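*Asks:* Here the protein sequences line up with chains L and Z, keeping their order. Its first residue numbered 12, the first sequence is counted upward by one per residue in the numbering used here. Its first residue numbered 12, the second sequence is counted upward by one per residue in the numbering used here.
There is no bait here: all hints are sound.
When chains are identical, the list treats them as one kind, so a pair holds in a single copy or across two.
No farther apart than 30 Å at their CA atoms in a straight line, the calculated lysine-lysine pairs in the DSS-like style are these:
1. Lys209 with Lys265
2. Lys329 with Lys26
3. Lys223 with Lys26
4. Lys224 with Lys26
5. Lys22 with Lys116
6. Lys26 with Lys265
By construction, these hints were calculated from the structure, which means they are not laboratory data. Quick caveat, the model's predicted, so the values are computed rather than measured.
There are 2 protein chains.
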Amino acid sequence: MTQTNRQIVLKARPKGSVGPEHFESREVPLSPIGEGEALVRTLYLSIDPTIRGWMERDTYLPAIEIGAPIRSAGAGVVVESKSDDLKPGDRVFTLLGWQEYSVQKAGPQIMTIPDGVALEDALSVFGLTGLTAYFGLLDVGQPREGETVVVSGAAGATGSVVGQIAKLKGCHVVGIAGSEAKCAWLRSVGFDEVINYKTEDVAARLRETCPKKIDVYFDNVGGPILDAALMRLGRGGRVVLCGGISQYDVPDEKKYGPRAYLNLIAVRGRMQGFLVMDYASRYMQAIMELAGWVAEGKIQHRTDVVEGLERAPEALMKLFSGANEGKVLVRVSE
Amino acid sequence: MTQTNRQIVLKARPKGSVGPEHFESREVPLSPIGEGEALVRTLYLSIDPTIRGWMERDTYLPAIEIGAPIRSAGAGVVVESKSDDLKPGDRVFTLLGWQEYSVQKAGPQIMTIPDGVALEDALSVFGLTGLTAYFGLLDVGQPREGETVVVSGAAGATGSVVGQIAKLKGCHVVGIAGSEAKCAWLRSVGFDEVINYKTEDVAARLRETCPKKIDVYFDNVGGPILDAALMRLGRGGRVVLCGGISQYDVPDEKKYGPRAYLNLIAVRGRMQGFLVMDYASRYMQAIMELAGWVAEGKIQHRTDVVEGLERAPEALMKLFSGANEGKVLVRVSE
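Could you put together the complete structure from these sequences and hints?
*Replies:* Here is the structure:
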């Protein structure tokens, strides 16, 4: 077997836009595994906006250290094992990092992917992305039948699932996305209305498409779109804070806070953040429900696969330019 | 009896700072009352930050019309009546407006002030101010014993009651205010820690005074102080949005949105607005509890009385400069 491990490590912390200068590729020797450990070969990396935050500072997890592989979830296969719980050939999901190989231990932080589940699905609709949509919408947003749900970043991996679950729950669903192609796809998967924020006046279109105002706004983007949604929020409205991708690449002193937040007083609304990891005890139930919807064709999803570990930085930057269509994955090996 | 009614009416809508140019004083003839109506002479006006919003735009109530008396709660006395439910001599609390006299009808929107309750108390600690503190802290903030509660605008009519109720509930209480005199008073009524935002680094002092982070932040001010509190919020923290007095006088395009709002994701926190009027069915219970605490000396409060209807605009402006100490009232007549 190979004696080296290629990694993409953190070279410098981004303060503004993330770019190639923040990464470095290197080869390191592969250390032997110890008792209870397994060597995992990376198959796919899950490219998520939250990685940007880990690169810059301590958040809900400590910042990635300079010189360490970029922290990242992914799917891999066990190639060598001294653990009774991880067998060669097992496909697993955990934090693999941007590298060809990693040493893992059995435990609650590593999940085995059942046979018959495609890896691309395991990393998207049945992975943290789909679970984020599921718990964020249903537990934090609490939509009721007949209510109006608006989602930004709607063509993204999380947003598209949010909108489709909201449709399944009988809601009027409006998606906000950044291209005609994305909007057309959202219409094709059942969104009632779509807004192209690059060519349309979001505030005006929210007035048109949400005649009964907004009950749940699921936010993936922040910035002026969040303000437009806050201004159209209805009484008792809920803003689900999932992310703010428009702001991650902006230096602190230039970040855009939601100026319309005081409208939460007038409408008696709330804005609430969540992290999917808090729902770990309910993942299995949610995955089964999601799997049923996917099997029935009620949830469509797309993956945007970038080939090769060396292109992981480019894959991450895609999220911030909005060039991706669906869940971004990097295929590291077959 | 008098045939004229002096009023302070809205002359122009403020976009930035509210000033004398937005008001006009005028005398109008007093129209006779009809069946079911009563003539009420204004005794005190309650000067509240929310009036600023009503002057500019539609919020949870329609904007005040140009030429109409400034909308304002107040206490008055019935001087003439053709209603069975409002008797001459009754002291009442309702929306009186900035005027010497108003015509009122019986109904749930007008409350009789029981004998033995001082008018100044009825308009502050037992009025909407005290009730706002009570429901905002207890229902929206939901503090638990041993938790850390931070309140801004702490020396104000609402903030000071919030902090004292939080102490009664066994919390560690930190107040933020804008002068040494205010801070000294807050210490004297039992706040554990005080921060003078005009002379101290609020973020640094929150780190010192909230070693276990913040569980409930009751915000009356907005702006950079809200950001500092968001950055110090603990896991599951609640931000109670009561007001944002630092922002009311700022034109829309210059308003300061909380740039640190994304920290709500990392800490799984929420920011929630409320209006006291939604709790009307529970006012009596709350007033009784507040009255008990005041009688036992557990809640101290102060009123800042400005003499004369003509000085109502000045009284309102005091709220925005922070010159007031406690609840601002205007005494219109004896």
